[in-house]
Amino acid sequence: MTTPTLDQVLTQRRSAQKEIVDVDEPAVKLVIFVLGTQWFAFPGRQIREILAAAEVFFVPGCPASLDGVINVRGDIESVVRLDDLLGLSRATAGSSSILLGRGGGMSSGIRVDRVIDVVDVPQSQIQPPPANLSETLRTLVSGVLQFQQQPVAVLDLDKIFADYARGLG
Amino acid sequence: MTSAIPQAVVAALDIVVFTAGGYRIGVEASQVRASHPMPPEGGATPTEFLLGLHAAAATGGEQVLVVKHAGADREVVVQGPVELHSVAATAIHPLPPLVAARTQLRGLRALALERQRLTLLVDLRSLLGAC
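As you go down the protein sequences, you meet chains A and B in turn. Mapping the first sequence onto my numbering, position 82 (from 1) lands on 82, and the numbers just tick up by one. In my numbering, each residue's number is its place in the second sequence (first place is 1) plus 1000.
For the record, the hints were derived by calculation from the structure and aren't laboratory data. A virtual CB, placed ideally from N, CA and C, is assigned to each residue, including glycine. Do not rely on the hints blindly, as some may be mistaken.
Covered by chain A, according to a simulated footprint, are these stretches of chain B (three or more residues, beta-carbon under 8 Å) [said to hold, decoys possible]:
(1) 1091 to 1098
(2) 1115 to 1128
Computed Cβ-Cβ distance ranges for the label pairs, DEER-style [said to hold, decoys possible]:
(3) Val-118/A to Gly-1071/B: 56 to 64 Å
(4) Asp-75/A to Pro-1039/B: 40 to 48 Å
(5) Arg-1033/B to Val-56/A: 33 to 41 Å
(6) Gln-1116/B to Pro-63/A: 21 to 29 Å
(7) Gln-38/A to Ala-1088/B: 42 to 50 Å
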């Protein structure tokens, strides 16, 4: 075994330093999830809870985009289908998760296909939304980032809930 | 100087429960004066019509509720059985904001969830006033 040189040690140290995240940079917590084949995220501060399964009670007279209500430890929350609200096609039947979100002065469950991760992302990684988004998404996406080699659209939950309450979606 | 008037704590609410359009519906018992089987000649207003629901096929279990309204009695048809039921106040929930904003079910005021069974609490009197 050869004795390491000082150059080798310094190279190794410089390489390690490059991997250190600048802790002073502001970070944003994101809840990243999938709808169909597309990846989206909500700011973590707007998501109170992630429910793997909950019995949804149908309420007649509501649009198809409103699944019904769920019982969350004695409180009732509505559940909306985010794919419908974003104008996306519905995923084939399968397991899904419900995010309990708060935005626009309201709270509701939000049905998504699958939660990928809850991560802290440096603010600088979030870029302005591109111009080629669909008309529906253009007003609801506040930024985009790359995560696990996938483009992720960060959604504006305040606007989603406010628009929905106004009869849009 | 203002002082808050202490409110009596309501532990439970008596409701009259029935079926309309296939859904479990509840009405404050104070709104209902009586209930009886539907007479052969009919004539009362179907509850589905008041609520804006599709009428369910007649099952023969139709009942008439006599509802107090504006100093007179009005009759509405519901699907039986008609039950008087006490619901704990803790099981009664205001409508979630998005449901309140988007529902087309007329007269829906609140939801009661007991033992994983949902009851739609409606205000029949206001519906009768509107028609």
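Here is how each hint holds up against the structure:
no.	hint	verdict
1	1091 to 1098	holds (count 4)
2	1115 to 1128	holds (count 3)
3	Val-118/A to Gly-1071/B: 56 to 64 Å	holds (59 Å)
4	Asp-75/A to Pro-1039/B: 40 to 48 Å	holds (43 Å)
5	Arg-1033/B to Val-56/A: 33 to 41 Å	holds (36 Å)
6	Gln-1116/B to Pro-63/A: 21 to 29 Å	holds (24 Å)
7	Gln-38/A to Ala-1088/B: 42 to 50 Å	holds (43 Å)
Violated hints for the displayed structure: none, as all numbered hints are satisfied.
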